[in-house]
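Trainee: One line per chain: the protein sequences are A and B, in this order.
Heads up: the first sequence is residues 4 to 146, going by this note's numbering.
Heads up: the second sequence is residues 4 to 146, going by this note's numbering.
Just so you know, the hints here were simulated from the structure itself, not pulled from any lab data.
Everything numeric in this text was worked out from a predicted model, so none of it was measured.
Any given hint could turn out to be false.
The list cannot tell twin chains apart, which means a pair is met if one copy fits it or any two copies do.
Keeping only pairs whose Cα atoms sit at most 30 Å apart, straight-line, the calculated DSS-like set for lysine-lysine is [unchecked claim]:
1. Lys16 - Lys125
2. Lys115 - Lys16
3. Lys115 - Lys125
4. Lys130 - Lys16
5. Lys115 - Lys130
There are 2 protein chains.
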Amino acid sequence: MATQASAAIDFDKNGGIIPVATIDHATQRLLMLAYMNLEAFEETVTSGRACYFSRTRNRLWRKGEESGNFQVVREIRIDCDNDTIVLSVDQVGDGAACHEGYQSCFFRRLDKDGWRVVDERKVDPAKYGPGYGHPTPSDGGRR
Amino acid sequence: MATQASAAIDFDKNGGIIPVATIDHATQRLLMLAYMNLEAFEETVTSGRACYFSRTRNRLWRKGEESGNFQVVREIRIDCDNDTIVLSVDQVGDGAACHEGYQSCFFRRLDKDGWRVVDERKVDPAKYGPGYGHPTPSDGGRR
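Same shape as in the complex, but just chain A (with noise of 0.2 Å):
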């Protein structure tokens, strides 16, 4: 089925990986944007656990490979262009997806004063070692 499914994804348009939009499958709440790779993409529908490509490290990432944060897949869709790829996920572990320790990677909210953030932190990320994550370009890695 991962073959057959991944001969319909335009990879080639964005240079062999495409944008991966991931929701919780019980509140349809958009969790993170991460991207694919063919290899990353079979193995997700193979293993039905979230495989991505990270773009910083070059290389497959199993999502929760080091925090338990993994993601358990219940439905994969693809848009009209198909060159992108929507996962409805059941987010285990501490319920986190974003490696700053929130539910959803996107907990900042634009107001008058800028970019605020306005949602509670599910755990500290400090739990999962101090390699854990990514650096951001802003925050040296830690906030």
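Let chain A serve as the given structure and place chain B on it in line with the hints.
Mentor: Frame of chain A; chain B shown alone:
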């Protein structure tokens, strides 16, 4: 506000454009995935209507300019890495964010036989005229 907000966004990571996930404000359903450059983002903030950057046409794409299916922006969020935006919108017009007439571009789901249409069309896109939408590699532009 637009300039202050856009200064935090990492447009450089992906060659001057960022992915933008657009969700329905009432239901949180993911409607589409598109892109913005700096100018599109600032116009969106200033005008209160979704303005994307079309990679195919290489120009600003004021969503709904052809069909009337524009999007009123209710909330904007940014992710932990400052390289992805979420627009929460009211989808007006015929309620179809997708150029193929569906509420969402993600109207096909993977099952054991491949990608299968599982949503109902909101509108026949032929009503917007023969030049409407954007061509897809798989179907020559119309399905």
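Trainee: Are the hints correct? Go through all of them and say.
Mentor: Tested hints:
Proximity of Lys16 to Lys125 under the C-alpha cut-off of 30 Å is restricted to the inter-copy arrangement: shortest distance 28 Å between copies versus 36 Å within a copy. For a Cα distance limit of 30 Å, the shortest separation of Lys115 from Lys16 across copies, 26 Å, qualifies, whereas the shortest one inside one copy, 36 Å, does not. Within a single copy, Lys115 and Lys125 get their C-alpha atoms as close as 26 Å, which meets the 30 Å cut-off; across copies the closest is 35 Å, which misses it. With identical chains, the CA atoms of Lys130 and Lys16 are at most 30 Å apart between copies only, with a shortest distance of 29 Å across copies and 39 Å within one.
When the C-alpha separation of Lys115 and Lys130 is checked against a cutoff of 30 Å, the pair qualifies neither within a copy, at 34 Å, nor between copies, at 39 Å.
When held up to the earlier numbered hints, the structure conflicts with hint 5 and nothing else.
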